[in-house]
Amino acid sequence: MNKRLSSTAGRLIRTACAAVCALACVLSVSACGADDEAGKIRIGIKFDQPGLGFKKSGTYVGFDVDVAKYIAKSLGYSEDQIIWKEAPSKQREAMLQNGDVDMILATYSITDDRKRVVSFAGPYFVAGQDLMVRKGETGINGPQDLNGKRLCSVTGSTSAVTVKEQFASKVQLMEQPGYAECATALLSGIVDAVTTDDIILAGLASASRGRLRVVGKPFTVERYGVGIKKGDTKLASQINNAITEMIQDGSWKRAIDDNTKGVAYTPNAKYNPPTPTEGEKK
Amino acid sequence: MANATTNNDTDTSVLFDAPGPRGRQRIRIANVVAIVIFAIILVLIFMRLHNPPEGENQLAWDLWKPALDAEAWTDFYLPGLWMTVKAAFVAVIGSVAFGILFGVGRLLPAAPVRWVSAVIVEFCRAVPVLMMMIFFWRLFAFMGMEDPAYWSVVLGLVLYNGSVVAELVRSGVGNLPNGQHEAALALGLTRTQSLMQVEVPQAIYAMLPAAVTQLVVVLKDTALGSIIMYTDLLQESRRLGSMYFNILQTLVVAAVIYFVLCWLLSRLAEWLPSRMQRHTAAPAEPEVVAPIAIMDPSNVNQIAVAKESGELPRGGAPRTYHEHHRGSNASIHEWQKTRYMQGYDEKHPDVARQRHRLDVPLPGVPGARKNRDEDESHDDERPDGQERKA
Amino acid sequence: MNAFAQLFSQYDIPGAFLVNIELTLWSALFSTILGVMLLLMRISPISSLRRIARGYVELFKNMPLTIIMVFMVLGVYAQLKLSFSTTFATNFFWLAITGLSLYTAAFVCESLRSGINTVPIGQAEAARALGLNFWQAATQVILPQAIRGSVAPLGNTFIALLKNSTVAAAASVATETSTMMSEMIEYHADLIVPIFLTFAFGYVILIIPFGALTTYLSNKLAVRR
Numbered sequence: 001m002n003k004r005l006s007s008t009a010g011r012l013i014r015t016a017c018a019a020v021c022a023l024a025c026v027l028s029v030s031a032c033g034a035d036d037e038a039g040k041i042r043i044g045i046k047f048d049q050p051g052l053g054f055k056k057s058g059t060y061v062g063f064d065v066d067v068a069k070y071i072a073k074s075l076g077y078s079e080d081q082i083i084w085k086e087a088p089s090k091q092r093e094a095m096l097q098n099g100d101v102d103m104i105l106a107t108y109s110i111t112d113d114r115k116r117v118v119s120f121a122g123p124y125f126v127a128g129q130d131l132m133v134r135k136g137e138t139g140i141n142g143p144q145d146l147n148g149k150r151l152c153s154v155t156g157s158t159s160a161v162t163v164k165e166q167f168a169s170k171v172q173l174m175e176q177p178g179y180a181e182c183a184t185a186l187l188s189g190i191v192d193a194v195t196t197d198d199i200i201l202a203g204l205a206s207a208s209r210g211r212l213r214v215v216g217k218p219f220t221v222e223r224y225g226v227g228i229k230k231g232d233t234k235l236a237s238q239i240n241n242a243i244t245e246m247i248q249d250g251s252w253k254r255a256i257d258d259n260t261k262g263v264a265y266t267p268n269a270k271y272n273p274p275t276p277t278e279g280e281k282k
Numbered sequence: 001m002a003n004a005t006t007n008n009d010t011d012t013s014v015l016f017d018a019p020g021p022r023g024r025q026r027i028r029i030a031n032v033v034a035i036v037i038f039a040i041i042l043v044l045i046f047m048r049l050h051n052p053p054e055g056e057n058q059l060a061w062d063l064w065k066p067a068l069d070a071e072a073w074t075d076f077y078l079p080g081l082w083m084t085v086k087a088a089f090v091a092v093i094g095s096v097a098f099g100i101l102f103g104v105g106r107l108l109p110a111a112p113v114r115w116v117s118a119v120i121v122e123f124c125r126a127v128p129v130l131m132m133m134i135f136f137w138r139l140f141a142f143m144g145m146e147d148p149a150y151w152s153v154v155l156g157l158v159l160y161n162g163s164v165v166a167e168l169v170r171s172g173v174g175n176l177p178n179g180q181h182e183a184a185l186a187l188g189l190t191r192t193q194s195l196m197q198v199e200v201p202q203a204i205y206a207m208l209p210a211a212v213t214q215l216v217v218v219l220k221d222t223a224l225g226s227i228i229m230y231t232d233l234l235q236e237s238r239r240l241g242s243m244y245f246n247i248l249q250t251l252v253v254a255a256v257i258y259f260v261l262c263w264l265l266s267r268l269a270e271w272l273p274s275r276m277q278r279h280t281a282a283p284a285e286p287e288v289v290a291p292i293a294i295m296d297p298s299n300v301n302q303i304a305v306a307k308e309s310g311e312l313p314r315g316g317a318p319r320t321y322h323e324h325h326r327g328s329n330a331s332i333h334e335w336q337k338t339r340y341m342q343g344y345d346e347k348h349p350d351v352a353r354q355r356h357r358l359d360v361p362l363p364g365v366p367g368a369r370k371n372r373d374e375d376e377s378h379d380d381e382r383p384d385g386q387e388r389k390a
Numbered sequence: 001m002n003a004f005a006q007l008f009s010q011y012d013i014p015g016a017f018l019v020n021i022e023l024t025l026w027s028a029l030f031s032t033i034l035g036v037m038l039l040l041m042r043i044s045p046i047s048s049l050r051r052i053a054r055g056y057v058e059l060f061k062n063m064p065l066t067i068i069m070v071f072m073v074l075g076v077y078a079q080l081k082l083s084f085s086t087t088f089a090t091n092f093f094w095l096a097i098t099g100l101s102l103y104t105a106a107f108v109c110e111s112l113r114s115g116i117n118t119v120p121i122g123q124a125e126a127a128r129a130l131g132l133n134f135w136q137a138a139t140q141v142i143l144p145q146a147i148r149g150s151v152a153p154l155g156n157t158f159i160a161l162l163k164n165s166t167v168a169a170a171a172s173v174a175t176e177t178s179t180m181m182s183e184m185i186e187y188h189a190d191l192i193v194p195i196f197l198t199f200a201f202g203y204v205i206l207i208i209p210f211g212a213l214t215t216y217l218s219n220k221l222a223v224r225r
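Top line first, the protein sequences correspond to chains X, U and V.
Number 282 marks the last residue of the first sequence (full-length UniProt numbering); no jumps.
Number 390 marks the last residue of the second sequence (full-length UniProt numbering); no jumps.
Number 225 marks the last residue of the third sequence (full-length UniProt numbering); no jumps.
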């Protein structure tokens with residue numbers, strides 16, 4: 001009896017050991033990747049936004065990515081010295097504050113609220129909230145036409161609320177976890193328009209092979225900045241110089257055109273190209 | 001009777017007589033009608049997908065190809081699947097640890113430990129997993145933890161499934177024949193020692209198949225992680241879909257992967273009991289029965305009890321002690337009470353007879369507890385040569 | 001504490017719970033109806049019905065609810081154009097109920113089947129000996145006893161349903177508790193712990209009496225043999 005018991009216990013201990021080892025394995029796998037970051041720059045981008053920041057076949061494509069590469073180059077980092085990190089909207093401030101990333105280019109609007117916890121350089125682009133509709137749609141030319149129509153935006157974003165409160169009080173709102181779901185809904189006809197910043201919409205429309213179009217009348221101003229650690233004025237002026245240079249040598253324009261291929265999209269000429277002056281003075 | 005049904009459904013075959021020639025014909029007609037209706041529904045759905053009133057043909061190869069080609073697998077599904085499996089695996093190990101800790105905690109003689117464990121377990125069972133995930137996600141991000149989405153998915157799953165495992169441990173101990181406990185006491189082990197060295201190890205073996213069934217739940221619930229932006233299989237398939245606007249197709253692929261994985265695990269859970277039964281005196285069952293409704297301390301594996309009724313396939317007189325689960329003191333007559341609460345079953349003829357004859361306090365009898373505790377403290381000091389592994 | 005009290009006037013927390021309760025009650029009703037139908041199919045003499053029901057149960061038991069909810073919007077609504085109302089909020093609410101009902105029906109069917117196992121074989125044999133056909137034996141002898149025997153697993157299923165109703169967030173139901181909690185945390189990150197505890201205790205308060213009732217009923221209704 002005793003022998004059987006102790007052998008049972010022994011087997012249990014062995015099983016437990018194996019389980020702990022396996023756990024340790026998995027944990028170490030998840031912990032690694034934090035190694036060899038010396039001499040590299042860590043940049044936070046979106047991984048799931050076609051046209052701005054998108055992870056595809058192990059590479060990253062989009063306008064934000066192109067700007068980030070240009071900035072990194074002028075800071076003295078080659079392309080393989082960049083570590084790309086995903087910066088979901090809700091984690092951007094925390095990532096900068098904890099030093100997980102050196103800079104963030106992820107459709108990150110410069111606002112006074114955010115400037116209390118992080119600093120910005122830029123802006124490198126001035127976007128504006130706009131609408132995307134189906135190609136054949138002629139009835140919607142601006143947010144005021146949305147009364148009685150159905151509008152999609154992502155969960156937790158304020159852009160749909162802006163439309164409802166300021167332009168069309170009788171609009172019906174649908175919330176989806178991502179813009180791709182919104183675009184799918186738009187294609188299938190259950191919503192009539194999708195709203196968010198024009199450059200994001202242009203990226204989506206570009207991926208839709210000509211079945212969607214951007215209305216092209218932005219009705220807000222969103223200044224996209226490069227998020228950096230609070231108070232780093234030296235880095236801010238370096239980034240601003242890089243952006244100015246990028247605009248002057250034409251690569252800025254090229255980056256926009258490349259990433260909105262197939263869509264008749266021009267950024268709001270009133271504000272673009274922007275003059276990056278943010279974050280240099282205390 | 002056997003040829004009236006397939007092997008899979010033998011348990012239901014008693015509900016109808018073996019059909020005669022006319023009955024067989026009627027069944028054949030009904031079969032054809034049912035299959036035709038089912039097929040018509042499927043065809044209607046596919047026709048709708050092929051030619052929707054608005055939008056595009058969802059069956060077009062243009063949409064399916066990017067959802068199925070090599071790039072989709074290497075860049076999206078497989079990394080996503082790895083994240084899903086990683087979270088599920090860590091969560092299962094964590095929940096077994098959590099479950100054993102608090103399950104044993106609910107059985108220990110010390111009342112404060114029991115209460116604290118009970119409160120924690122019942123709380124974790126009542127709060128929706130999604131809410132826990134959202135909370136931990138924001139909390140971890142707030143605290144500046146690395147990878148908050150991953151850890152919140154894991155912790156949310158550990159807390160809920162751990163509380164289920166805790167109940168499994170408790171019911172596993174409850175399902176052991178009382179003889180195990182009595183024999184351990186007779187060998188001079190204290191109640192705690194008996195629990196830790198004899199009962200809990202067997203309960204854990206008995207629980208394993210149900211824990212595998214729980215793994216299916218864990219795997220399914222990792223998909224909740226996509227709501228908090230964890231890049232699991234569901235989230236990655238959405239991302240892939242956002243590139244070519246074929247989100248419906250990529251979701252179908254993800255759904256098939258989830259289904260195959262969960263289905264295989266379910267089969268494993270059904271196959272395990274026969275192996276596990278060799279290591280334990282408690283019934284090893286694949287079904288998760290323990291968490292009967294909340295606050296229900298039932299320790300009787302009801303499904304096991306239910307299956308016993310099938311042990312008399314030809315009817316006949318029921319066994320005399322049928323209310324005792326497999327000869328244990330886990331009585332279905334008072335099955336809402338734990339063995340620890342009811343002490344022993346007074347209705348068991350053996351117990352009643354023994355008590356009359358011997359008039360000695362039996363282990364587990366509430367009135368005898370005080371005496372036994374004194375014995376225990378005495379036993380603890382007794383030097384024994386037995387080698388015990390904790 | 002004052003800021004916390006202010007939250008209550010700003011957000012309609014009981015209203016959000018009411019949405020979850022409504023989702024749960026409607027889904028419980030429909031999933032019970034569908035679950036009983038599936039059960040009858042599963043135990044019927046017609047083998048194709050048995051296979052269809054078995055396939056249904058296997059499919060929905062092994063499928064994450066989140067995916068089902070997403071399919072409700074992007075598949076059933078967007079592609080099959082099944083629509084309950086032209087008002088979005090109502091439409092998504094009913095789509096979520098459909099998704100929850102389809103999912104829960106598989107578990108209701110399994111619970112009832114475990115209840116059928118509690119009915120001794122002699123009952124079925126007696127029913128047959130009396131000349132009852134399948135339908136009569138099932139509905140008049142077996143099911144009434146099976147339902148009484150499966151109160152506890154059914155109660156568990158419905159408790160799980162109440163908790164699962166938070167996943168309606170994935171079907172664009174924006175007024176239920178998990179969405180509201182996320183929104184509150186978004187704007188009041190300093191109060192994250194009290195906000196979570198408020199919602200958590202809301203569920204504890206809903207579930208404990210329901211669980212106690214299940215325990216009481218399953219004990220009271222159990223067929224003593």
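Keep in mind that the hints were calculated from the coordinates and are not lab data.
Just so you know, these numbers come straight off a predicted model, no measurement behind them.
Be a bit skeptical, because a hint or two may be false.
[What the hints assert, rightly or not] For lysine-lysine, the following DSS-like pairs were computed, each having C-alpha atoms within a straight-line distance of at most 27 Å: (1) V:K81 with X:K170; (2) U:K65 with X:K270; (3) U:K86 with V:K61; (4) X:K217 with U:K65; (5) X:K56 with U:K86.
The hints, checked one at a time:
With a C-alpha separation of about 23 Å, the suggested pairing of K81 (chain V) with K170 (chain X) holds against the 27 Å cut-off. Our distance criterion of 27 Å between C-alpha atoms is broken by K65 (chain U) and K270 (chain X), whose separation comes to about 42 Å. Of the supplied pair hints, the one linking K86 (chain U) and K61 (chain V) holds, its CA atoms being roughly 22 Å apart against a limit of 27 Å. About 35 Å separates the Cα atoms of K217 (chain X) and K65 (chain U), which puts this hinted pair outside 27 Å; it is violated.
With a C-alpha separation of about 22 Å, the suggested pairing of K56 (chain X) with K86 (chain U) holds against the 27 Å cut-off.
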